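Residues per chain are reported as follows:
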Amino acid sequence: MSTPVIEVAQLGKTFQLGEIHRDWTRRAADRLRGRRSPPAPTLQALREVSFTVPQGEVFGIIGANGAGKSTLLKILAGITDPTTGKATLRGRIASLLEVGTGFHPELTGRENVFLNGTLLGLRRHEIVEEYDRIVEFAGLETFMDTPVKRYSSGMQVRLAFAVAAHLRPAILLIDEVLAVGDVTFQRKCLGAMKEVAGGGRTVLFVSHNMAAVSSLCQRALMLRQGQVAAIGPTDEVIQTYIHSTEEQQTRDALGFVLLPERKIPRPPEPGLICAARVVSAVGQPAASVRTGDSLRVDVRVAGLDRFPAAVVGLTVRSVFDQKVFHFNSAMAGGFRAAKRHPHEIVRLEVADVPLMSGAYSVDVLVFEPGVRLLDRVDGALPLDVIDSDIYGFGYRGEAREGLIAVRGACAIAPSPESP
Amino acid sequence: MAARDVMYVRRPRTGWFDLALDELWAYRDLLYTLMWRNLTVRYKQSAIGIAWVILKPVLQMLVFSVLFGRLANLPSDNVPYPIFLYAGLLPWTYFATTITSGTGSLLAGSNMISKVYFPRMILPLSYLFTSLIDLALSLSVLLGMMVWYRADMVFGPQMALFPLFLVPAIALAGGLSLWLSAIAVRYRDIHHLVPFLLQIGMFVTPVVYAVNLLPESYQWLLQLNPMTGVVEGFRWALLGKSVSGWGIMGAGFGLAFLILLTGMIFFRRVERTVADVI
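Order-wise, the sequence lines are chains G and B.
For the first sequence, position 374 matches number 374 in our numbering, and the numbering has no gaps at all.
For the second sequence, position 234 matches number 234 in our numbering, and the numbering has no gaps at all.
None of these hints come from the bench; they were simulated from the model.
Don't take each hint at face value.
Examples of chain G residues toward chain B, derived with CB under 8 Å [claimed, not checked]:
1) LYS86
2) GLY91
3) GLU106
4) THR118
5) LEU120
6) ASN209
7) GLY303
Think about it this way: if two alpha-carbon atoms lie no more than 30 Å apart in a straight line, the pair counts; the simulated DSBU-like pairs of lysine-lysine are [to be verified]:
8) G:LYS149 - B:LYS241
9) G:LYS194 - G:LYS339
10) G:LYS149 - G:LYS323
11) B:LYS44 - B:LYS56
12) B:LYS241 - B:LYS44
13) G:LYS194 - B:LYS56
As the structure is a computational prediction, the values presented were derived from the model and not from experiment.
Ideal placement from N, C-alpha and C gives every residue a C-beta, glycine not left out.
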């Protein structure tokens, strides 16, 4: 198959900012006074995006929030027009851009299957043929006559995904649907997506879930500020993505990463954690440690003396956002009778980092145990773990094989002949 | 694979006259589904449900009969005033409910519009057919009334012709819904304006009175209103009343179709940016 199923060339999209009707009245007023209105402020959401996807490929799209991923998918789905450029899609398209898109809360599950199906361009008789399989896939047999407003969000995704997956589209556009739904269902969706792709169909997959992207997609595209920042084999693009988030951090002279930003939900004491750094085994600020070495994280705090019972901790996460381990000051016996100051540096030292080589990130948090969270910075520090010869036999382990580094023994013995 | 022969090209659209009627046809099942959705959703969790469809014009008929028939004593061409009124209220109620729900249809469906592609025209158009079912139900009341008053009605072949007069009503309601819903996306002011315009509209249409109530020199103005032709056509077919002028009625109907055509062209133009604005 030589012609690609999706061909995107020089695609661009500009949004007009500001309130539209205000704009209109102001313009009219300006015209009356014989003045020229200043041009309306605009936002370039996409800029010269080009790529092609061959038939049967699962293609990932990653990037930070506001990078233009959703805009790109909306243009491909036909929801909105591009301002410049052109995209060609060959085959019927189904899009899953959000949970329960075409669902009407007052209608029953059954009625919504038909609404959803026809909304995606299917004929009613085609839906009738697939109906039983859709219900079975969603696992909602007993709920089909219940209004959708009584469904949980997980149930709604299941139904929406079930409809889309059974449309037999040539192209499936998926945006973050896996964010909802339980683990079992996510696994089922991933399976269904693999199956969809295996059947010669093409899938475009937008997600923040790097684990899902890396396990599903052969190739990926990274968007940054509306432009293509990287394109190629998924693992390489994910690496670029991870390193690009580090570039945005500012460090001071002592190697501390300044942490003024808090992700939502905003913690109650967002000023407590000021900065943090990783210190290597030899006492230098670093961005990496070796497997089996000790890991020291210094956290600069302000006003922690106001909370004498507070515990300072760190959580190490994998690329796939799984928490790998947590360590805090209470585990090390607390600060005891140390004299407190308004400005302090808290040192947390983890002995023998048990991580396989790969990219990780460190969350820093302050909390009163059993009472409340005081402050937390997710992804405060990047952490590269570099392999070392912990086994003593030259074997280099990688995070891909498993995150935790363990040591052990092996032996071989003769077995009785199998019958 | 059969699905492979369709091809979509996304690029900035230009031009005025691409109505994409073929696409509208391809999505006809969505039109049907939405029509049923409109109907079922409207009366879910209401005690008497679908009976409201009949009750609304009947209650309106009772109020207006007392107000205009008894108190103002408006003439009704030798037909009992309630029947005369109701035969006019039927197409008018159809027109008014279609416009009201059609105008808000894009905003009500904004969730769908920003997440799925489909010909957006289907949203306002679906209400054309939903209200048509209301009309059919209300019509049964009229027949009941005609038997009740034992008026010397002509139950003749002429009666079968009344659906003919629905065609311009559908065209006009559709055309105005397209215009108004497209404008309402940018200027929500329309939602405040429409009920007011409909109120005026009802009085520049001979719903509660007959055309000959006006001085002859002004009648043509009233007759150019396509809804005048529709109301008169209903009374002609169902009650055997004479029509004030066939020729000018045709002109009014022509105007209705012109509004529909321009409405479609305008709507297609606005459709391009609707997902960004809504």
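Hints versus structure:
no.	hint	verdict
1	LYS86	holds, 4 Å
2	GLY91	holds, 5 Å
3	GLU106	holds, 5 Å
4	THR118	holds, 4 Å
5	LEU120	holds, 7 Å
6	ASN209	violated, 20 Å
7	GLY303	violated, 44 Å
8	G:LYS149 - B:LYS241	violated, 50 Å
9	G:LYS194 - G:LYS339	violated, 58 Å
10	G:LYS149 - G:LYS323	violated, 34 Å
11	B:LYS44 - B:LYS56	holds, 17 Å
12	B:LYS241 - B:LYS44	violated, 39 Å
13	G:LYS194 - B:LYS56	violated, 54 Å
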